[in-house]
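Undergrad: Spelled out, the chains give:
2 protein chains.
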Amino acid sequence: MTYCLAIKVNKGVVFASDSRTNAGVDYIATYSKMTRFVWPGERVIVLLTSGSLATSQAVVNAINRDLENTDSEFTLRSGKHLHQVAEYVGKLSQQEQQRHEKAMEKSGHSAESSFILGGQIAGRPPEIFMIYPQGNFVSTSNETPYLQIGENKYGKPILDRIISPATSLEDAARCAIVSLDSTIRSNISVGPPIELAMINTNALEAPFHMTLTMNSPMYKSLQKQWTQGLKRTFNRLPRFEWEKS
Amino acid sequence: MTYCLAIKVNKGVVFASDSRTNAGVDYIATYSKMTRFVWPGERVIVLLTSGSLATSQAVVNAINRDLENTDSEFTLRSGKHLHQVAEYVGKLSQQEQQRHEKAMEKSGHSAESSFILGGQIAGRPPEIFMIYPQGNFVSTSNETPYLQIGENKYGKPILDRIISPATSLEDAARCAIVSLDSTIRSNISVGPPIELAMINTNALEAPFHMTLTMNSPMYKSLQKQWTQGLKRTFNRLPRFEWEKS
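Read top to bottom, the protein sequences are chains A and B.
So the first sequence is residues 0 to 244, counted in our numbering.
So the second sequence is residues 0 to 244, counted in our numbering.
Incorrect hints may appear among the rest.
One copy or two, either will do: identical chains are not told apart, so a pair holds if it fits within one copy or between any two.
As the list claims (entries may be wrong) - Here are the computed lysine-lysine pairs in the DSSO-like style, where the Cα-Cα straight-line distance is at most 27 Å:
(1) Lys230 / Lys219
(2) Lys10 / Lys79
(3) Lys101 / Lys230
(4) Lys101 / Lys219
(5) Lys90 / Lys101
(6) Lys79 / Lys219
(7) Lys243 / Lys223
(8) Lys243 / Lys10
To be clear, the hints were calculated from the coordinates, so they are not data collected in a lab.
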């Protein structure tokens, strides 16, 4: 499995992803699930992938193929609206899935992939979309300013408690790390390193990008402080009647 | 759906359950999912249920029927070991499921139920078991001293961070409430009131039992303090380099 998420706040967008891929528990590997496309001053797009690694890689290859071909009908760079770009990625995903669907079903596997696509096109606000395996997609709302793909349940409670559109970009990034860390602790199919990308609204430049391994000082101190803080908070919770005397 | 859990610590066992049942999102209702059986000085057994409400209720009815019949081969009261009692409940569950399996499958529904059964029989240590829909079951380990049924992912990270066999019974109960509260916030199919039962090792008396509604002072203040503590902890997490200047 996988766990990726994107958070849209007023100040910009945060993308975060784990790096574990697996074909059963007896074959796990580390792959980046985050691809960044940047045309400075023009558009910035980040793509997160979950599901079949073959489909995810094929979609990224198809995106790059279309960008290189001068006669492509539509490319990541040509769509005027980000929702058109999401539609295009959904279509590529469906095409790639259909090519292998029958063989995959025959062997009891799924060729399905989900994507989060987000970024900003000059002159328009930043947006994020979750693209379903079926090719259709949804965006965020003020009440739910984040999107998740993959193993999304373990890391949801902290997002629901912390994130609102007014959250700072850095706080959104910290919350994404905590959300991923909680998932990594509870689910072996989600694993480090954690990749993080942040884009500032209207900057239209390469996203700030970092990779947090288990040994990264920031990840280690964040893990430690979060665990200690949770324990401190836990130890101060209200007592039962009989504990008070 | 449902979310129930049991935590076994050195001092005793905590059982906790939500109370929402649903047949799709357009029909939800409130039912207790916890049944307590007490023979003071002899044995205390608590049963938590998830899955098909019809199967769960039928199993509880069958348990009571066998207890009333003087010629029953085996009852909740006759098993010498708690694992024999778990085996018996698994068998009842399979019997009830098989009675309605075909009709349920025909309409695209499942008659499956899962159970957590725990307690203590005089002269033996307390134990807890998770009984699968197939009738087989597992117990806990020192490393994983808790069992969950139903919507178990949202509330797992806090258990993984807090619970060990040395945790006090009251802390285990508070952790169960936090685990349920996180799930209730993130998943509409899990809902209050929260039922809590606690048995002290070797007490062999009726479990301490309480029902926490949304308006219970303890639940309200625990929710408030947990949310505030999380936010305080979150606000103290390490800064990114550029935030430090």
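Undergrad: It remains to establish, for every hint, whether it holds in the given structure.
TA: So, going through the hints one by one against the coordinates:
1. Lys230 / Lys219: Classified as both; 17 Å inside a copy, 20 Å across copies.
2. Lys10 / Lys79: within (22 Å within a copy, 64 Å between copies)
3. Lys101 / Lys230: Answer is neither: 50 Å inside a copy and 49 Å across each miss the 27 Å cutoff.
4. Lys101 / Lys219: Result: close neither inside a copy nor across copies, 45 Å intra and 53 Å inter.
5. Lys90 / Lys101: within (18 Å within a copy, 39 Å between copies)
6. Lys79 / Lys219: Answer is neither; intra-copy 41 Å and inter-copy 49 Å both fail.
7. Lys243 / Lys223: Classified as between; 19 Å across copies, 30 Å inside a copy.
8. Lys243 / Lys10: between (46 Å within a copy, 19 Å between copies)
Checked against the numbered hints above, the structure breaks hints 3, 4 and 6 and satisfies the rest.
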